[in-house]
Amino acid sequence: MSSFLTSVEIRNVSKKFRLYKEKPSSLKARLISSRARAEDFWALRDVSFDIEPGQSVGLIGPNGSGKTTLLKMIAGILRPTAGSVVTRGRIAALLELGAGFHPELTGRENVYLNAAFLGLSRKETDAVYDDIVDFAELPDFMDNQVKFYSSGMLVRLGFAVAVHVDPAILLVDEVLAVGDEAFQRKCLDRVRLFQRDGRTIIFVTHAVDLVRQICDRAVMLHHGVIHSEGAPDHVVRDFRLVMLQHDLDYATEEGTKEVEIVSAELVGGDGASASVIHPGEELTIVVDLRSSAPVEDPVVSFALHDQDNRFVFGSNTSEHGVDLHGLEGKRRVRFHLRSLPFVSGKYWVTLGVHSRDSSRVYHVQEQRYMFEVGVGEATTGQVFIPVDVDVEEL
Amino acid sequence: MAAADSNVTVRSSEPPKLHWRSRLRDLRRFREVLLNIVRKELKVKYTSSVFGAVWSMINPLVFLGVFTLVFTVVLHNKVPHFPVYLLSGLLAWNLYSTSTTSAVRSVIDNANLVKKVYFPREVLPLASIGSALVDFALQSTVLILFMVAFRYPIHPENLVLLPIAIVALLLFTCAMSLLVAAINVHYRDTQHLLALLLLVWFWFTPVVYPSGYVQQAASKHLIFGVNLWHIYLLNPLADIMYGFQRALYGTVSAVVGGTPKQILIDESVAWIFVLLVGVSIGSIGFLYLTWRLFFRMSGDFAEEL
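Quick note, the sequences are listed as chains R and D, same order.
Mapping of the first sequence onto the numbering used here: position 30 corresponds to residue 55, and the numbering continues sequentially without gaps.
Mapping of the second sequence onto the numbering used here: position 288 corresponds to residue 301, and the numbering continues sequentially without gaps.
Be a bit skeptical, because a hint or two may be false.
[Claimed, not checked] Keeping only pairs whose Cα atoms sit at most 30 Å apart, straight-line, the calculated BS3-like set for lysine-lysine is:
1. LYS172/R <-> LYS30/D
2. LYS58/D <-> LYS172/R
3. LYS148/R <-> LYS53/D
4. LYS30/D <-> LYS91/D
5. LYS148/R <-> LYS56/D
[Stated by the list, open to error] Counterexamples of contact, computed for chain D against chain R with all Cβ distances above 10 Å:
6. VAL21
7. SER26
8. LEU31
9. ASN49
10. LYS53
11. HIS89
12. ARG164
13. PRO169
14. ALA315
Calculated directly from the structure, the hints in this document are not laboratory data.
Even for Gly, the Cβ is constructed at its ideal location relative to N, Cα and C.
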């Protein structure tokens, strides 16, 4: 394959679906139902981008943004309503859990069926069969019907087949989330091997950290149009911002919840809830905690990241000699940031509660809260330093 | 298309035009899929039943029993070696009706594949024909069994009709299967309509009753100045039956109860051969049209389901 040719070209692609209140699938229903009962829904509108051979692209966006529709068009399952999709080379698509598997057939038969869909002959499948079984770690189950497989086993087998058919383009839609951690790691290793081989990979995922980790480019779709595109860090940022505006429950959370962050608020100098702050102003991070049983020596911490996901500042209660020993019931912790030395831009706040040695994480809300520093005085550079200017006659 | 290395695939908003040569190459590349789906259908059909493939052979035997009872015992309609006569046409009819009945649902029954995997959709109705062919082969052993049991004479000069009859049958079956499979995705009425159509069609085709009777009776009538027999010849399946019956049964007329009776149509082997060549050519034209329709519609199957 010549290197100057693109791997996937998406040109002004639009896709319209007809949404029926109740889909008329018989002649009578079609005749009596007026056209008004069907609504047009544009899943994609005028989307264009190219993917170079060997690129790994993460396709992200909120639910219903058109990611899967676009992936299905690249895979050849759907036809664009307008525009065109050009692909070069064999495509292996993992579109859904157990896609292309038949429940009544055994694992072995399904490997052959699946490999056939991906364009392999019986002989070619024979040659890689043992590797597939090895990779899927299912040697004892190949003669069992697939309907008795767990979802994890299905993903393993599906992924194992897809990576052994020598595709030029690999499409993966969210399926990796199902497997256990060890298998996920194995898949990622395989994906990195694919990247070294110069194969093209397109991921559709909600796991934005995965995109940051392995993709060299990301495209974010929102309401069927490209919202942003470019370096994964930058696009993931934009994605977080959109998700925060739409869905407060979005941000990633983890922890044992022995101590829970019930709510948090960013308060400006005037005591009101702040979303826009001017350089040099003060900001208070108010964190309400709850714990049902006494917790020994918890530490509350915060971290601030800028829009390029750089860590800019962080601190915690123990650094300031605040002791929360034996925390039980409700507490309110306030971090007073007396003067924000930030230039204009968006900043994300991560909050966490953990044990003093950080061995136990009680609750972390990663970059769930956001504030914006507005343009106050004309400033450029990395930090804001309050400056007084005076002129003296000499 | 998608599965070939260093091969460029373009998908655009233009409804695809059928270039039958390149499409045939695509289908050839996906023949493993076809074989695997046929294998799958046979396995699903037979594995969880006790008698398995034996059911395929029981079906013509039951038909035979019922029709023998009705026609020879109740109606005193004496066709010599009735089982050989009936089976020679019934097997061909079964291939046609089993194929279309299963093809009409082939796309919607495999919705989970169509929505999630790319492959030429023609594979699905073709797989229906494929598994019907396996039934056809199994059922043929029943016919062979009867021929051996009766020590039934085979007329080698009639056997030339068998290949052309099979070709005509397969071409027509492919055309109909693609047609009903495609339309049924939009209009689920098609499957019910097909069941009725096949019932009527079966009785308008000389499978159970002797085709010679039809020729004798129809030749006497004129409809708008056209001989009714000539209109009857427009039924491609009837024409195909003449081929199978002459090739395998071969007894054009017989003396039944002292009077000579015409059982098969009174035409030469060459005449039937030419008729079947005509049916084959017509079926190729029909197949091209239905394939084009199927191909145009197949791009949108995934969202119609």
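Here is what the structure says about each hint:
no. : hint                 : verdict
1   : LYS172/R <-> LYS30/D : violated, 39 Å
2   : LYS58/D <-> LYS172/R : holds, 16 Å
3   : LYS148/R <-> LYS53/D : holds, 19 Å
4   : LYS30/D <-> LYS91/D  : violated, 54 Å
5   : LYS148/R <-> LYS56/D : holds, 21 Å
6   : VAL21                : violated, 5 Å
7   : SER26                : violated, 5 Å
8   : LEU31                : holds, 15 Å
9   : ASN49                : violated, 4 Å
10  : LYS53                : violated, 5 Å
11  : HIS89                : holds, 45 Å
12  : ARG164               : holds, 43 Å
13  : PRO169               : holds, 38 Å
14  : ALA315               : violated, 5 Å
Checked against the numbered hints above, the structure breaks hints 1, 4, 6, 7, 9, 10, 14 and satisfies the rest.
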